[in-house]
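Work the whole structure out from these sequences, hints included.
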Amino acid sequence: MTVGSWTFTEHGGGRLIERGSALSTDGRFMFVVSSDSLRVFNVDNRIGVRNVKFSEMTVRGDFPELDITKKLVRMLVSSDILHFVFSDGHHLWLNWKEFMSGDLELKVEKFQVPGTVLDVLHYKDEFYTIIGKRNKGHNRQVVKDGEVLYTVESVRLHNKSLYDRKIVFLTTDHKVTVIDLETNTSSDVKFSYRRDVMSVAVAEKSDMVALGTATGIIHLVESNTERLLKWHIDQVKAMEFTVDEMYLVSGGVEKVLVFWNLSTGKQQFLPRLNGVIVDIDLSNPELYTLTLISNSIVEFLVISSIDLASRISVASVKNRFKGLNKKKSTDKDVTKLGFDITTDFEVVKDQLFFPLRSQIQVYDYIRNEQQALQTVAPVSQIGKVRSELAIQDPKVKCFAVSENGKWMCTFDSVPTPSADALLSTGEQTYSLKFWKHVPGDAMYGSWELTTKIIDPHAQKPVSEIIPAPSSLYGGDAFVSVDGKGNVRLWRPRALDPNAVAAANNKALQHTEWTLRKAFSGFESSSESVHASWSPDGSIIALSHETNVLLLEVNTSQMDPIPLPSLVQNRITGLKFVDDGNLLLLTKRSLANFNILTWSKTPLNLSLDFPAKGQSLVAVDQAKRIIAVVLNYYNHDKDIQSKVYLFKADSLVPIGEVSLSKGISGIRYSSYNDTFVVVDTSSMIFTLSNKDLPKFNQDSDYVTEINTLVGIAQSNHKVLNNVENSMDLLTESVMLNANSFDKILENTEGLTVTNLFERVLKVI
Amino acid sequence: MSSCFDSDGELFALVSKDLDRCKLRVSSIEFLATKTIISQLYELEKGEEILSTAFASSDIFATGKRSKSHQQSLETKTVAIGLNTGKVLLYSPANNDLIATLESPSGVGITDFHFCEQNFRGYAVDLNGKIHEFDLKSHNLLRSFTLEDTGIRKVSSLVYEGSLHLVLSSNSIYIYDLKTSSIALSFPGHVATISNIVIKDSTIFSGAEGDRFVNCYSLTTKKILKVVVFQSPVVTFRYGESQGHGVLIGVTEDGNIELFNDPLATNTMQKSSKRRRQVESINTGVIIDINRPEDRNAANENMKFIDLFIKGSSIIVSWMEGLVPVFDTLSWVKTVDDFATLQIITDTHLVKDRVASHKDQGLELHDSAAPKLYTEKNAVVTMGDNFKDLEVDQEDLETFGDQLKQAPIKAARKKKLTTDSLATVLTQALKSNDHSLLESVLNNRDENVIKKTISRLDSIYVVNFLDRLSERILRNANKQTALIVWIKWVMIIHGNYLMQQPNLFSSLSTLYVILSNRSKTLPKLLQLQGRVNMVLNTIDMRKSILQDKETGESDDDSDLDEDVVEYVEEVEDGILVEASESEDEEMVAENGYSESDDDDF
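Here the protein sequences line up with chains R and S, keeping their order. Quick note, the first sequence lines up with residues 1 to 763 if you use UniProt numbering. Quick note, the second sequence lines up with residues 1 to 601 if you use UniProt numbering.
To be clear, the hints were calculated from the coordinates, so they are not data collected in a lab. Keep in mind that the hints are not guaranteed to be accurate.
[As the list claims (entries may be wrong)] Straight-line Cα separation of at most 20 Å, SDA-like style, residue types lysine to any residue; simulated pairs:
{"hint": "1", "chain 1": "R", "residue 1": "Lys144", "chain 2": "R", "residue 2": "Glu105"}
{"hint": "2", "chain 1": "R", "residue 1": "Lys406", "chain 2": "S", "residue 2": "Asn517"}
{"hint": "3", "chain 1": "S", "residue 1": "Lys388", "chain 2": "R", "residue 2": "Gln112"}
{"hint": "4", "chain 1": "R", "residue 1": "Lys452", "chain 2": "S", "residue 2": "Asn517"}
{"hint": "5", "chain 1": "S", "residue 1": "Lys372", "chain 2": "R", "residue 2": "Pro271"}
{"hint": "6", "chain 1": "S", "residue 1": "Lys372", "chain 2": "R", "residue 2": "Ala309"}
{"hint": "7", "chain 1": "R", "residue 1": "Lys395", "chain 2": "S", "residue 2": "Lys372"}
{"hint": "8", "chain 1": "R", "residue 1": "Lys452", "chain 2": "S", "residue 2": "Asp389"}
{"hint": "9", "chain 1": "R", "residue 1": "Lys395", "chain 2": "S", "residue 2": "Glu376"}
{"hint": "10", "chain 1": "S", "residue 1": "Lys46", "chain 2": "R", "residue 2": "Phe259"}
{"hint": "11", "chain 1": "R", "residue 1": "Lys460", "chain 2": "S", "residue 2": "Lys372"}
{"hint": "12", "chain 1": "R", "residue 1": "Lys452", "chain 2": "S", "residue 2": "Val380"}
{"hint": "13", "chain 1": "S", "residue 1": "Lys377", "chain 2": "R", "residue 2": "Gln557"}
{"hint": "14", "chain 1": "R", "residue 1": "Lys436", "chain 2": "S", "residue 2": "Val380"}
{"hint": "15", "chain 1": "S", "residue 1": "Lys524", "chain 2": "R", "residue 2": "Ala309"}
{"hint": "16", "chain 1": "R", "residue 1": "Lys436", "chain 2": "R", "residue 2": "Ser524"}
{"hint": "17", "chain 1": "S", "residue 1": "Lys17", "chain 2": "R", "residue 2": "Phe269"}
Shown next as structure tokens:
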């Protein structure tokens with residue numbers, strides 16, 4: 001249901017799917033399936049050329065709604081046709097050349113299969129499906145046109161050769177069976193089993209079979225002679241023979257691609273890949289496609305077989321959820337989620353910033369592409385194996401980007417590795433880093449570290465960083481807050497222009513960020529310390545547990561002004577709506593306090609918010625609109641969500657939009673004048689209202705009044721609708737014994753007349 | 001690195017050495033390729049090295065017959081690879097496979113191979129100067145022969161006086177008649193071994209290793225025609241003609257390309273006037289060099305041309321991008337003028353081509369797919385407790401202390417204090433910023449003296465003094481112990497004054513950094529001490545147990561009794577306090593004259 005003209009616009013995002021990539025035969029285009037769309041990239045210039053949602057395509061034939069992400073088995077290209085095969089036997093295909101020119105028609109057929117399709121082979125224009133169960137140790141069958149050609153019992157693993165001529169099966173009792181579709185023969189290969197096999201590969205022409213084990217040793221079996229290839233020291237996840245069968249290419253947890261020259265046994269390496277190598281596709285002799293997984297996020301990398309340089313890399317949004325998909329609610333309250341689905345991100349201009357462990361991803365949501373992936377803390381580029389896993393990488397705890405996009409501030413903590421029984425075990429080294437954006441030629445550019453501050457708040461971790469509004473210092477300032485409510489203001493030190501001109505040395509031209517102002521906070525340490533900067537930059541609101549202080553930025557000590565106690569629960573977030581209205585968020589409520597009138601405004605909701613609820617509320621400070629996300633369970637116990645849009649002075653929402661998925665975070669982008677939403681499947685949406693009247697000074701009164709009347713009318717409609725849908729918002733309007741509690745909550749610094757006014761207001 | 005183009009300028013073969021392997025990379029010159037693009041990498045056996053490469057000059061291996069169109073199909077293109085083992089491999093790039101192996105009986109490295117299309121023979125020269133003749137159909141060795149000159153390294157062929165002759169070269173050039181098996185003609189050549197021979201009709205051009213000269217010989221006059229002088233030694237050169245103009249283009253050792261316009265055009269004036277034995281030489285060529293664009297650190301990358309090919313009025317030039325050869329065409333003749341106008345090219349546009357497929361590939365060769373690594377290159381690294389830049393309220397700048405400094409009382413007050421010499425010296429040192437004077441004061445280690453000096457120090461100098469102290473500690477870590485005592489007494493005596501000071505955070509930031517850093521290690525040291533004590537105690541206990549076992553468990557009880565000492569806290573403390581007090585007094589007494597004696601560290 002959409003009230004007013006607030007609408008969601010989908011911008012892509014989402015996650016990539018393993019097996020969801022294919023290269024065109026000429027190697028010029030790459031096809032990638034993300035959560036709900038088919039994306040085409042030009043390999044030559046690394047640019048996305050098409051991005052079409054499956055829902056926009058027409059399917060000719062009988063095709064049920066499929067969850068593409070879960071059911072896609074294989075994507076393959078044969079000449080001009082792009083095939084998709086699904087686990088229930090459906091086979092979709094389209095002519096990608098026509099698709100590129102705008103023909104969005106998919107054709108469909110269904111393979112006659114007696115079970116779940118695990119894999120499909122396309123050999124000599126015939127489709128062979130492999131049927132079985134995903135669990136290891138079941139029978140697998142090779143089926144063509146509904147007819148079972150081969151059955152192999154209790155199979156653990158299978159793999160196909162480069163051009164689908166052969167299939168290799170590994171059974172639970174360590175037998176290897178190779179089926180050759182050319183000669184229609186099946187043969188057994190012997191190998192000496194010592195350790196668990198994690199991956200298998202079979203050569204297209206010769207009779208070579210490679211078995212990669214859990215301990216990293218690769219068994220290469222050729223005409224019943226066996227060789228061991230030793231380099232990997234942990235699981236070998238993927239292997240493939242090259243076209244000329246001179247090389248075996250393998251990859252695993254080490255994040256290193258290894259080329260084995262089979263005639264000499266010599267290796268060549270391509271190290272420091274972005275993730276664990278889980279699949280290698282060498283079917284294009286010039287372009288090798290690798291599937292990499294890191295932090296369970298899939299990424300595709302195409303490298304040139306000649307110089308091993310990357311040709312294209314397709315990465316999805318890399319965000320982390322606090323605790324997604326843990327459990328379903330058994331609670332009666334539908335708005336109370338059993339777990340935290342929020343995700344942390346920032347939006348500046350067209351870019352979304354996602355922190356992922358020690359990296360920050362810059363994702364352009366307009367172009368739907370990753371633009372940069374910056375490692376912001378010293379971290380090993382090589383995949384960790386075995387005992388190395390005990391070494392923890394630094395993690396970005398919080399970060400902020402200045403509104404002008406020129407500066408970024410990150411805070412990370414590095415734990416001392418618990419390698420030996422050192423005294424320093426368990427200690428954390430904190431560092432606050434200031435990054436400068438270096439624009440690139442045509443691309444987004446990169447971030448360059450200018451200042452690193454070790455232990456910025458002594459031994460206390462920073463819990464929040466907020467950027468200055470652009471009205472103050474041009475936005476070139478950050479404030480960091482720690483658990484005790486200590487506030488520190490950082491600014492770049494002005495460069496001495498003479499020194500810069502004199503020194504060719506780049507180091508001297510670097511801007512140093514230094515501590516400018518400090519406010520010492522509270523005695524006790526708390527997890528819920530938050531801060532917000534007023535739009536004009538003069539005040540920082542600081543919350544610590546249930547207390548709120550207003551800090552005057554312009555004084556050197558940042559003199560505090562305490563606010564009356566406004567809420568019962570600890571404050572989980574606070575935000576300035578404008579210069580005057582301060583939005584307070586707790587686990588149970590959302591309240592607005594007007595500092596200028598020193599009173600609460602009618603906007604006072606009681607609802608269930610997760611602990612990190614701050615990312616579910618966004619404020620458009622220019623238009624003073626507050627967007628509040630409410631995730632709830634529907635009757636099927638699936639998470640759905642609604643976004644309510646409020647004005648600071650009214651409880652009646654001015655808009656309401658719903659989404660069939662849970663929303664993980666909402667931010668406001670002043671650059672594009674929209675709210676940006678990331679849902680639980682990492683899809684990116686924008687929420688905007690193009691029809692909202694803008695009261696600029698040029699507009700005459702007639703139109704203004706007309707629009708006001710229009711708004712009033714629509715508000716009336718909204719109100720009616722709200723009454724229907726208000727069951728989600730449990731707000732008491734009736735006067736009862738508790739009604740006056742609110743008035744007496746914050747009596748500090750209140751005159752009797754004001755108190756009287758308040759009482760009247762309630763009545 | 002040796003390289004060659006095929007006769008059509010469509011394929012380029014390049015020899016490279018990775019690790020211990022020799023590799024031949026054959027790639028199509030992409031922008032010319034209308035057919036399939038070939039990019040093959042042929043790896044040789046270990047120990048084998050490529051000494052020479054040559055493309056078959058026509059489709060000898062196609063069908064035996066010459067096809068009507070002179071366009072060779074890619075499938076029949078063949079490269080002869082001369083190895084150090086004396087073998088010649090005939091390699092087909094299209095199939096990435098060997099067609100045949102020609103074995104010379106001597107087993108010495110092959111320095112050159114020539115496909116002779118007139119008689120379907122192949123000629124190979126080895127390091128001993130032996131020439132081997134092969135039948136290219138049966139791949140059999142027909143004969144081997146040597147000349148008197150065993151320095152022959154290059155072989156080529158031409159039709160001279162109506163019959164087929166071989167052109168063999170060492171330092172000199174020999175025209176060898178195949179029918180009579182004798183030398184028909186010879187030219188004296190270069191000082192060094194000839195590395196390059198180009199034959200154009202009845203003219204032979206020769207260039208030698210490390211030689212700046214390219215000689216032109218005429219077969220008709222049997223004399224040296226001209227000498228072309230390059231600016232630096234020539235690596236490889238070619239001769240081409242287009243629209244009646246000839247051009248000699250060479251790649252020099254410093255990676256540039258030099259063009260010589262119409263090297264064969266004879267200057268009639270000179271010819272008629274002087275019939276001297278002096279050979280005409282051409283010195284001025286047009287230079288083409290290659291560079292990265294200015295903003296990409298042009299100076300840091302040494303770009304070099306590796307080879308060139310003349311195709312009509314254009315030159316195909318080639319250089320390396322990493323491991324891959326890259327090509328571009330340039331036009332060497334302009335049609336607007338009646339004589340060839342040659343251009344010097346700054347090749348920013350060449351680089352752009354490359355950048356398109358290797359975006360972001362800067363100096364570090366950063367792959368754009370890889371995440372940007374964390375580097376602290378030029379970043380400033382500071383501690384969080386650096387309060388130097390802490391902002392100060394403007395109106396508060398005039399502190400009480402500042403006002404006091406200007407007040408007239410200052411002088412009066414100071415006079416009162418002149419009685420104590422050390423305090424005076426200290427005040428003077430602080431006032432005049434005299435380091436040596438301050439040093440002499442700080443050399444006092446007597447705590448009592450320190451205490452009294454500080455108590456007489458005017459409070460207005462305290463902040464300054466603390467700053468000086470912290471500076472000293474920062475500079476010299478060894479003197480800390482004494483200086484810390486000074487700080488301690490400043491804190492105790494002038495703490496009250498310090499508390500009233502505004503902006504203390506920023507003015508004493510260095511002191512704070514020092515103290516906080518030092519105190520940070522205390523808990524860890526205590527922890528360590530505890531552990532060490534425990535280890536020592538365990539050792540002691542074990543020792544005693546062992547001793548007990550050795551001596552036998554005879555008199556346990558008596559030992560224990562002896563060890564037990566009654567500890568009375570008050571008594572112990574009392575003694576200590578008394579002792580320290582008396583010590584202090586002694587020190588004070590000594591103080592008057594111990595001042596000057598203390599500077600022995």
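Cross-check of the supplied hints:
1. Lys144/R to Glu105/R: 26 Å, violated
2. Lys406/R to Asn517/S: 33 Å, violated
3. Lys388/S to Gln112/R: Answer violated: Lys388/S to Gln112/R is near 77 Å, above 20 Å.
4. Lys452/R to Asn517/S: 18 Å, holds
5. Lys372/S to Pro271/R: 15 Å, holds
6. Lys372/S to Ala309/R: OK: Lys372/S and Ala309/R at ~15 Å, within 20 Å.
7. Lys395/R to Lys372/S: Roughly 16 Å between the alpha carbons, so the hint for Lys395/R and Lys372/S holds.
8. Lys452/R to Asp389/S: Holds: Lys452/R and Asp389/S sit about 16 Å apart, inside 20 Å.
9. Lys395/R to Glu376/S: 17 Å, holds
10. Lys46/S to Phe259/R: Holds, at about 17 Å.
11. Lys460/R to Lys372/S: 28 Å, violated
12. Lys452/R to Val380/S: 6 Å, holds
13. Lys377/S to Gln557/R: 34 Å, violated
14. Lys436/R to Val380/S: 13 Å, holds
15. Lys524/S to Ala309/R: 49 Å, violated
16. Lys436/R to Ser524/R: 35 Å, violated
17. Lys17/S to Phe269/R: Holds, at roughly 17 Å.
The earlier numbered hints that this structure contradicts are 1, 2, 3, 11, 13, 15, 16.
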